[in-house]
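Residue numbers (full-length UniProt numbering), protein chains in the order written: chain A, 1 to 153; chain B, 1 to 153.
To be clear, the hints were calculated from the coordinates, so they are not data collected in a lab.
Small disclaimer: the values here were computed from a predicted structure and weren't measured.
We treat Cβ as the ideally placed atom computed from N, Cα and C, and that holds for glycine.
Hints are supplied without guarantee of correctness; some may be wrong.
[Unchecked claim] Among the chain B residues that face chain A by a calculated CB cut under 7 Å, a handful are:
no., residue
1, Glu82
2, Ala110
3, Phe114
4, Leu126
5, Leu138
Each chain is listed here by its residues.
Protein chains: 2
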Amino acid sequence: MQLNRATDISLRILMLAAAQRRVLTIDALADALNVPRNHVAKVVQRLQRQGWLETTRGRGGGITLPEATLDVSVGLIVRHGERQTEVIACEDPPCPLRTACRLRSALRSAQEAFFAALDPLTLRDLLAEPTGPALLTLLPLRPAARAMSKQEV
Amino acid sequence: MQLNRATDISLRILMLAAAQRRVLTIDALADALNVPRNHVAKVVQRLQRQGWLETTRGRGGGITLPEATLDVSVGLIVRHGERQTEVIACEDPPCPLRTACRLRSALRSAQEAFFAALDPLTLRDLLAEPTGPALLTLLPLRPAARAMSKQEV
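The whole structure should be built from the sequences, with the hints applied where relevant.
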């Protein structure tokens, strides 16, 4: 079974921001992750509302990841992303068993086991070798960006 | 996260066939489950190849569920349906972390926990009240079908 697209992108953005630990623009994220800019913008807004990212506007603006977010549980991030997704599509096509189905409750328990397996992991855990080092290679500083980030830091 | 469409339809077909325990035509399945006929046909072929359904051709033909299938594990059915589905879409869009990603291995472990939660359940378990009785109401015998099934039984 598959995570929905928004959860997928949330995880990629959080991992990249967690590894890079500097201001990242929406454009830079979109480029580095091969995700359309508007998808990134929408997900960033959601993550900012959750308190997992901070955003700054204007020149030199973008997103940063607060230290505390490193200790957020991956299970929590995934539960949040999947909160409106049902594990089986009872409405599509509309299944006549909707109100009397043992399968659906069995699948919900299985989904809970899925989330529970991710609860003990934090974003920091995901950055251990080789992932953290690999993430650092995704956004090499270009000359213009290098000058700008000297200003910000 | 969500099961793929084929796994979803497999489960619906198996549950209906398990509850009804008589020859069911592809058309009757498609009607009862609100699933397009060609989707049903394709899934039935897959389930027949697994040995979970038997098919008979010609007049009065259709599918039946062998007794042994009642004891097949729901975990096995779902594992089979999901065998080509990755829990996160690393190729879409292509994620640069493909070869160095702790997230992907964490998600695979979580997926294994999902399947493991379903392993102890059988199709028979899914037919307990209220689901079994509800499934019997999905295919009332129409007069023509009634005459035909008297011949087969």
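Cross-check of the supplied hints:
A least Cβ separation of about 6 Å between Glu82 of chain B and chain A falls short of the 7 Å threshold, and the interface hint therefore holds. For Ala110 of chain B, the interface hint holds, since its Cβ comes within 7 Å of a Cβ in chain A; the closest pair sits about 4 Å apart. At a threshold of 7 Å, the smallest CB-CB gap from Phe114 of chain B to chain A is about 4 Å, leaving the interface hint in force. Given the 7 Å rule on beta carbons, the hint for Leu126 of chain B holds: about 5 Å separates it from the nearest Cβ of chain A.
For Leu138 of chain B, the interface hint holds, since its Cβ comes within 7 Å of a Cβ in chain A; the closest pair sits about 6 Å apart.
Hint compliance for this structure: no hint is broken.
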